[in-house]
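**Q** Listed here are the chains, written in short residue letters.
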Amino acid sequence: MTQLRLSRREEPRPVAAVVLRATSGPVVMLAALIGLVAFLWPFAVAPGAFSDTTLAPWLFAAVLVVVVAVVLAEMSHGGIDSKAVAMLGVLSAIGAALRPLGAGTAGIETVFFTLIIAGRVYGPAFGFILGCTTLMASALITGGIGPWLPYQMFASAWIGLVAGLLPSARGRVEVALLAAYGVAAGYLYGFLINLSSWPFTVDPGSTLSFVPGAPLTLNLHRYLLYYGATSLGWDTGRAITNVVCILLVGPAMLATFRRAARRAAFRSAPEFSAPRL
Amino acid sequence: MIRFDHMTVTYSEQSSPVLRDVDLLVEEGELVLVVGPTGAGKSTFLGTVNGLVPHFSGGTLAGRVTVGGRDTRAHRPRDLADLVGVVSQDPLAGFVTDTVEEELAYGMEQLAIAPDVMRKRVEETLDLLGVADLRDRPLHQLSGGQQQRVAIGAVLTTHPRVLVLDEPTSALDPTAAEEVLATITRLVHDLGVTVLLAEHRLERVVQYADRIVEIHRNGRVTYGPPALVLATSAVAPPVVELGRLAGWEPLPLSIRDARRSARHLRQRLPAEGREPVRGRTGGTPVLRARNVVVRYGPTVAVGGVEVELDAGRVTALMGRNGSGKSSLLWALQGSGPRHAGTVTVDAPGRPGGLDPARLPAGEARRLVGLIPQTPTDLLYLDTVAAECRQADLEAAGAGDDRSSGVPALQLLEELAPGIDPLAHPRDLSEGQRLALVLAIQLTAAPPVLLLDEPTRGLDYRSKEHLGAVLGRLAAGGRSVVVATHDVEFAAKVADRVIVMAAGDLVADGSAVDILTASPAYAPQVAKILAPAHYLTVDQVATALRSTSP
Amino acid sequence: MPRNLHPVAWWIWALGLAAAVSRTTNPVLLGLVLAVLGLVVANRRSEAPWARAFKYYMFLALTVVAIRVVFRSVFGGDISTTMMHVWFRLPSVPLPSWAAGVQLGGPVTAEGTFSALYDGMMLGCMLACVGAANALANPKRALRVLPGALYELGVAVVVALTVAPQLVESVQRVHRARKLRGRSGLGWHALREIAIPVLQDALERSLRLAAAMDSRGYGRTGAAPTPVRRLTAGLMVTGMCGLCLGTFGLLDASTSRTVALPALVTGTVVSVAGLALGGRRVRRSRYRPDPWSGPEWGVVLSGLAPLVVLWSGVGSSLIGLNPSTFPLTWPSLPVVPALAVLVAALPAVISPPPFRAIDPSRCAAVTARPNRSEGADTGSGRLEVPA
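Residue numbers (my numbering), protein chains in the order written: chain G, 20 to 296; chain Y, 48 to 596; chain P, 2 to 388.
Quick caveat, the hints were computed from the structure, so don't treat them as lab data.
Any given hint could turn out to be false.
[To be verified] Not everything, but these chain P residues come out facing chain G in the computed CB check (under 7 Å):
| # | residue |
| --- | --- |
| 1 | 153 |
| 2 | 208 |
| 3 | 215 |
[Unchecked claim] Cβ pair distances, simulated, as ranges:
| # | chain 1 | residue 1 | chain 2 | residue 2 | range |
| --- | --- | --- | --- | --- | --- |
| 4 | P | 298 | G | 199 | 51 to 61 Å |
| 5 | G | 267 | Y | 70 | 51 to 61 Å |
| 6 | P | 63 | G | 267 | 32 to 42 Å |
| 7 | P | 263 | G | 184 | 28 to 38 Å |
| 8 | Y | 440 | G | 199 | 23 to 33 Å |
| 9 | P | 99 | G | 199 | 24 to 34 Å |
| 10 | G | 184 | P | 98 | 32 to 42 Å |
| 11 | P | 239 | Y | 467 | 50 to 60 Å |
| 12 | G | 41 | P | 263 | 30 to 40 Å |
| 13 | Y | 549 | P | 43 | 22 to 32 Å |
| 14 | P | 63 | G | 199 | 47 to 57 Å |
| 15 | P | 260 | G | 223 | 22 to 32 Å |
Glycine included, each C-beta is placed from N, C-alpha and C at the ideal position.
Just need the whole structure built from these sequences, with the hints factored in.
**A** Take a look at the structure:
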């Protein structure tokens, strides 16, 4: 069936592969709020409130599982087109196959770059789902299922979703926009993922550790120092990877993805008519 | 069973219809062969049967298609999944799961068939296709023939009454293709399944067909019994062409029928065919390979091959899958591994010759050019013109005067006239893509050109064209090697044939000698006219012209 | 009879044990848990590639312990060491003003180190539990328990697992083919020259796959009637509101217990109900579903036993579970919790042994099979198995 459609016509913007319906708005908003707490609770928790640093990451991981499941169910409500599912599968495979290549080498993390460009071309809902499926496929391949997985899925899903919501631009401006977003996303992801494990990994007796109930400034200060000491270099590697990949391969990839979107003609309505004699 | 009621299909970006006013009825239990040149709409025609066209592809379908009483306007492909099974060219691309058993069950899971029924049907299908011992194997590790049989099995488990196969054997070697075709004919005869089959290499299937649909370039179709349609069709297997040439009535479709009719012709012809394309006398050797060994772990792919390639000749390298053809080509080019032995290629100003494997890649391709099995692996830009410009840069890169100096775009125009330079390389037909990669490789002007399975997916006309191109290249003094399964193609183009088996050369000689010596490698014409040594219909025509007063 | 235990049973067992572990920092008890995990994994893991995961999780666990101890030693905040046993003093480095409050270097005390070590061991032990589940449960089988509402997600992941090894081959093939155009070496150019053909191949493949899926009945699911859809959407929004309320409630001391936990529980229940209702639109059957019978129950109960005992505090004191590090005391072995942990070792015996005949490559998605495809003459570089 590959030879079915041949077209080189440049179209303004291909249709999103998965529609983000207006009715999904509340669920997505609520998910964002819950995610905010799940990641940022060490800064916001009041003195005397829930502060079990061992249990909290697990509890919020469980909450995020439910949240991610609900958002995904909401987005796929009414079914996802087979073309979109196949493309999600293939692109997740690319992400999952790329991931071990860079793992452990100076933060070279190639997942986000595919995710950002795919989210940009195929729309926010596709980006969100792709973020989830990529990380999930990767975890299944490498045996990496654990409490960190919901955090990673949630964070990368948002990277994909926001990539789909970036303002419209063309040509060099678009590539520059995506590259800038790549830097921001690279750092933000590292910042959030490290934050999710910070209360858990660092001994409370250390002066870089989370102090339950302490004022925001103290914990933020301590976390920034911890982050700078442990993962800033790593995240810089990730940000640089994103920028370099997007600048070098981004234009060609955007063109390839858009071409694929045109050929797939997502949700194009078939037409029927009376016999022409 | 299937009723096409004045069907016309038009894709949204195109002004003229792909198929025009198709009006025919396919009866239950028939095997219908769909023929036509590449790009004429065979895939579109097959796609209309289960509604992929237009539900999946977009576009407009005028008229009506009904399958087993269900109208495709109201039934999407998924709603016809229990009735129509579809098998594509590349089975691997259509697999959803990764093991044989799960793949066989996938379709039934979608139809919500009860688990115990599923279990029973999977077992039946494993037996029916003879793949029971493969049940736990990962799909991507199976051979091409096994994969295709699993793909057929995977659609059979839902017990469809119609089977649609779009060139199921195009990626297979002759043995695997025979297995698959034997499976298909058995299904028709044992289960009474209605089969629609598109196939390039008609010589393999035409004898099994009950009816033929021929699709013309203008989108019209002809439908009728094989002998009737083939008498005038644009594409025909050699047996039919010979029959047309000799004016046999009724037109024979199998070797057996043709041999009966050919008694008279055999007497008229001189015993040796004069070889119009084989007038080129062997030149001097330009490439010498001594004791080439290629291993993959414990497996020996090429075991000490000695070969010399002469300038100005086309050599066909034949042998079954896994016999080491590709490995040998890659080793000769220097990019692939070579664990022992030497390869030397004549180079101007270098009396001893050069070993391409010791040269940088950019230099090696000036000595030996290779077109890999998937030529698209070499393409990464978004227009034909950009690819050609890049090729010119690459050719000029080394900066000496040994390159051809001919721009790639011009070479391409000579090889395949009329390609839009602004087209995306992936939108070209198989033949055009091959021509593009050939043009790119020819910018380096290598004296030795190697092609790995270039005829995959090409129709008769494209093969004819490729054969002519290769002949011209050889006539220009190049040494051309074609690894191929396609006996008819080898018969048309080759001066010399080398047969490999298990990493060794088992036969090496002139095309006539090798191709008429064994039935496995004999083209249809040779089989019909044996013991006379003829390989192609053209040779017979020339001989007839020279003998007739 | 050898068979694969239901993956969910393994996960419940492992998570039960992990939750139990979270109650104790007693190194003896934690050592016992590790021994139990090791025994079960050694006895019941298959030969599939994921079964090797346990080793990596042990490394990860050691890393967590190391991070804890090192951070405690290097950035330790022990201001007053009067009652402590100081082992040695790291040179104290004065930090600039922006890092005020952080102490770099200083005394390293036995109390501090042991406290960090015990806490680290607890966390490491929890990770080891997760690792055991990863090693024991078949991840592809686990995908099957995804609720119907996430059916498409599951399909996409299955497709990803299927396509990933083919992509690795595709990359190798394209990388090799580049040389034919005289381009070698790995630079930033290589990225584009390899990425684009592979990507184009993959996208074309996805379109062919989609056509095949459509033809084979994918998505043959009736759309749910409008009232059901509205109800589903309503349940999901309500559930999410509950979860939102719950998580925000956790942040505040006054609402933490009274509002947050009930809201979280209600939110989860309502969300799950929404998922279940939404999943009813998907009508399909399962080929050879994993059975859930005696051994599964046995494994689940044996994992829940330590959870119940340690959280109820039966037969042990808080001191027994969390030995004091200030002052340092020898940890003792609390008998009842130890017995409960030993119960969790039962799966080594009561669960059925796994298939030993699993072809390891069956699930080897990204485990490289170096260059074997080069020897094959088949199309698109696919692997030809020598007879």
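**Q** What are the numbers of the hints that this structure violates, sorted from low to high?
**A** Violated: hints 13 and 14.
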